Amino acid sequence: MTFLNARFAGAVLLGGITATAVTSGSVATHDPASQFSDYVLAPPMRIHVIDPSGDWHAPFVYPLRLEDRLERRYSEDRTRQLRVQWFHKGRLASVDDAEWFPLGTDALGRDVFARLVRGARLSLGVAATAAAVALVIGALVGGVAGAFGGLIDDLLMRVSDLVIALPGIYVAVTLRAALPLVLTPTEIFWTIAAVFAVIGWPIAAKGVRAIVAAERQKEYAEAARAAGGGRTRLLLRHLLPATQGFLLVQATLLLPAFILAEATLSFIGLGFPDSTPSWGVMLQEAGAGRVLVEAPWLLAPGVAISASILSINLLLRTPKLPA
Amino acid sequence: MHRSLAIFLAKRFLQAVLLVVFVSSAALLLVRLAPGDHLSSFDTDPAVVAAERHRLGLDRPFAVQYVEWLGRAVRLDFGESLKYRRPVTFLVTERAGNTILLGTSALVLATLIGLPLGVITGSRRAGAFATIARALSVLVLSVPPLVTSFALLLLALTTGWLPVGGIGHTSESGNWLTIVVARARYLVLPTLALALPIAASLERLQSRAMQDALEEPCIRAVLGRGLSAERVIWRHALRMSLAPVVGVFGAVVGSVLSGSFAVEIIMSWPGLGALMYEALVDRDLFLAAGCAAAGSVFLATGVLAGDVALAVIDPRVGDTA
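Just so you know, the sequences run in chain order S and L.
Numbered according to our numbering, the first sequence spans residues 1 to 323.
Numbered according to our numbering, the second sequence spans residues 1 to 321.
What you were told as hints is all true, and nothing was included just to trick you.
Pairwise CB distance ranges (calculated):
1. L:PHE22 / S:ALA214: 28 to 34 angstroms
2. S:GLU294 / L:PRO315: 57 to 63 angstroms
3. S:ARG158 / L:ARG124: 38 to 44 angstroms
Sample of chain L residues lacking proximity to chain S, with all beta carbon distances greater than 10 angstroms (derived):
4. ARG3
5. LYS11
6. VAL49
7. LEU56
8. ARG60
9. VAL64
10. LYS83
11. LEU112
12. PRO163
13. ASN175
14. TRP176
15. ALA184
16. GLU216
17. PRO270
Simulated coverage check for chain S against chain L, where a stretch passes if three residues somewhere in it have a Cβ under 8 angstroms from a Cβ of chain L:
18. 171 to 180
19. 260 to 269
20. 293 to 299
21. 302 to 308
What the hints contain is simulated information worked out from the structure, not anything from laboratory work.
Only a predicted model underlies this, so the values are computations on that prediction, with no experimental measurement involved.
We put the CB at the ideal spot given by N, CA and C, even for glycine.
Based on the sequences and whatever the hints tell you, model everything.
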């Protein structure tokens, strides 16, 4: 595994996950909210290319047959092969004449794959939004501290140190619990993003401060000052642009932490509400009991969370602690 | 002890105390500011609720409550839990013990796996073992305790090898050895779930530090003099490479605490994280503050231990402070 290959794999994985999240409407095999009472805890329907007689075909699936409703036993109907249709009726992949659940269904008979794909939009969306807000706040606070120095600098950096020292998830849970619990999904999205931004900004602020304080001594900054540029102008036009590369790296560090934080919050019931298919909510529904043994495919959101974090870790290849 | 080192550690100790005071005060304030309190969630006679509020002192201004709480907290009396009607100190110490047990065993396991592996992968760039170990740790590093817990639960439920959930019965009969073994069996799953990602990140950190140490001129010099590579790696380079890893020990303790939150809730391990969560949701003012105090004591102790260890390993620490 060379350096280049790992980075490439990470980029492809991250690109794939992001593309899926963006186009979730057409990738999903069903509406994530619809329930199929004939398919409760149905197993994943895998794509086949070889039929029982050993001949190769274009990708197809076998429809499911309900054997026993009480025991929730299903079997593949080997007599019918349903061709997978690509880019058909506005869906990336679909089959005619039967329901297709690529990752099975949950305890309410909902399509796990559809929920997973829609969840990508929510879970990654909230993480990305929070990271963006955290970086803006961090850049401004760090910029002010670095450019002005003195008492403001001391105070801002002390606060940053304090927030960095605390384990993020406890701060997130405490802040979230202190805010009104019953909100609309949109309000919840922004509440969670705001809570995460509060945890994330100090790390960006410290780095930005260091860069700005160093850049301030350089000749171009001296020249800008000599030309009569004010402090604010100097900061916004000349010093902050120097932190771009640093901020980009910070964004990729914050993302995995926020993806995990959303999952944890939703898992314990302080994140997205039950009806919303975020990855954390799906994990909560998977529960920790016997249903896992019966339907291990309910852990798909766990795989999705890990894959997202892995893609970023591969991309960065910098050793860091789990969030 | 060197004087500057003593000053350095005294400073850090003061910071730790401030951290604990700040965190528990902030938790108290946040829960107090949150809409509703524990008593308002019951559908009882308003007069009864008012009387209960008065008994607990919740009807007075927050500033008065806070000063009184702080005065008692200094004597380790954190008030009474609104839900359990028992002293917070009692509840917290009971749960904190479980978290210490889980956290310490995970920390020890992660160190025992992560550090030696990191030394090997850091000193040997090529080779099948190092390549596999590196790839595996990038993979494991990406699976957070939230997900490892689920995966291990599934494994345990399918195979039946290990008991799932809880800490086992406290009143088991038999000699002490059978009790210890019985309890230890319940500890295995949560410990693994918590330790694996941390072991992987320690491996990555140690590996990088080892690579850097091996490029230092002094290490090249002893290698040039003909000391065996094994001796140089495990004796000299290891000691040098430990400093950056021990330097992040505080952050490691932080991630143990963070990780144990999810593990405790999924695995029904009755620890501090689970209790704190319960207190927050129930708006159990004093219990939440007590949990925050205990958690920040753990964190501060971990950071302090890291500082002391760093001072022992790296003689330059005291001088720069």
